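**Q** In case you want the letters, here they are:
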Amino acid sequence: MIYLLLFWEFFKTGLLAVGGGLATLPFLSNMADTTGWFTHSQLADMVAVSESTPGPMGVNMATYVGYTTAGIPGALIATLGLITPSIIVILIIAGFLKSFRDNRFVNSVFLCLRPASTGLIVASGLSVAAMTFFGVSDIASITLDAVKAFDWKALVLAVILLVVTRWIKPTKKLHPIVWILASAVVGVVFSFAGV
Amino acid sequence: MSYLKLFLLFAKIGVMTFGGGYAMLPILQRELVDTRHWATEEELADYFAIGQCTPGIIAVNTATFIGHKRKGISGGIVATLGVVFPSLIIITILAGLITTFADLPFVQNAFAGIRVCVCVLIFNAVVKLWKGAVKSILAFGIFLVVALAATFLNLSPAIYVLITAALGIILEALHAMPGERGKKA
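Order-wise, the sequence lines are chains A and B.
Using the working numbering, the first residue of the first sequence is number 18, and each one after it goes up by one.
Using the working numbering, the first residue of the second sequence is number 28, and each one after it goes up by one.
Keep in mind the hints are simulated off the structure, nothing from the lab.
It cannot be assumed that every hint is accurate.
What the hints assert, rightly or not - Covered stretches of chain B (chain A as the covering partner; in silico rule of three or more C-beta atoms under 8 Å from a C-beta of chain A):
{"hint": "1", "stretch": "34-45"}
{"hint": "2", "stretch": "58-71"}
{"hint": "3", "stretch": "124-138"}
What the hints assert, rightly or not - Away from chain A, derived, C-beta distances all over 10 Å, residues of chain B:
{"hint": "4", "residue": "S29"}
{"hint": "5", "residue": "P53"}
{"hint": "6", "residue": "R142"}
{"hint": "7", "residue": "C144"}
{"hint": "8", "residue": "M204"}
Note that the structure is a prediction, hence the values are computed from the model and not measured.
All C-beta atoms in this analysis are idealised placements derived from N, C-alpha and C, irrespective of residue type, glycine included.
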């Protein structure tokens, strides 16, 4: 049963996630809420691992979630669920792909979908930030206690990372894996989890 | 060309793709255009654009499409299985290791640090996506409404995708779609 559910959840994700990389994140975040298969903090870890290992990010995240939920068969089923809609859709429209791409309705739909997808990723990003800085699962549940528990160490690291990834020329071009590893070291040295 | 070769080629492309589907383009260029002469630069640009304007993961769509071009339906399936194969192996091994050691204090501290980095990486990805996606008042409106709604309501992202797709169709039917006409990604 869990396998069927897993396949269905990833089938939906594969069918409806639009764009590259993080486009699946909002779907996975919603999956964490509705199924309880994994936590938001596990999901953030999966993003980091998926970004720093070979393979398309969306595929890596599906494999990871599948493994976390139901072991090796889960990894396989989630990944197959993710790619099945692509295979079906592409094979169906393969005959008239060129006219599909030039179709004004298709263009118009994607002009609307891209900003929507960006908005969805912003919302998921905010919930990762709420968890990282306030220790709560989403923006709406930030309470006064959570504000008092604000993680200043995390903020300092975030500001430094923003500067080196956006504004300093020589470090801007480095692969994200460099910053993920550096953050891991900082996390251990300054015991970010407080253990 | 055999199916095995097609599978291995896309497995190789899968291994060399780090990050999102966009990271795939330079590798496709080298493997398909420069080394194998399977496609011209223009054809590749078309393949890739189609991968972006069909639902689903760009890397997977592009693999299915090129596989289908080369060897029909079974080619599409084989190429797609090839592109996900390395992820299956590598992530399963890593996920197993991480699960085993997740309770060690140093692993917990490391991931607490990494999560901060993930926030910054998501922010950077959003800035990049924003530049490509939000180019009109309408796009900005869609972005804002979806971002706010998805932050404060607990609805499935599928709902936003379906509503926005319907909006695109309606606006186009009413000839009310602003700007950008005929411009391709």
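**Q** State for each hint whether it applies.
**A** Going through the hints against the structure:
1. Coverage of the stretch 34-45 of chain B by chain A holds in this model, with 5 residues showing a Cβ closer than 8 Å to a Cβ of that chain against a need of three.
2. Beta-carbon proximity to chain A at under 8 Å applies to 0 residues in the stretch 58-71 of chain B; the threshold of 3 is not reached and the given coverage is violated.
3. A count of 8 residues in the stretch 124-138 of chain B with a Cβ less than 8 Å from any Cβ of chain A is obtained; the coverage claim is therefore met, three being the minimum.
4. With 10 Å as the threshold on Cβ separation, the claim that B/S29 sits away from chain A holds: the shortest Cβ distance comes to roughly 20 Å.
5. At roughly 13 Å, the least C-beta separation between B/P53 and chain A is larger than 10 Å, which holds for a residue marked as non-interface.
6. For B/R142, the non-interface assignment is contradicted: its Cβ lies about 5 Å from the closest Cβ of chain A, within the 10 Å cut-off.
7. Once the 10 Å rule is applied to beta carbons, B/C144 is inconsistent with being away from chain A; the minimum gap is 4 Å.
8. Once the 10 Å rule is applied to beta carbons, B/M204 is inconsistent with being away from chain A; the minimum gap is 5 Å.
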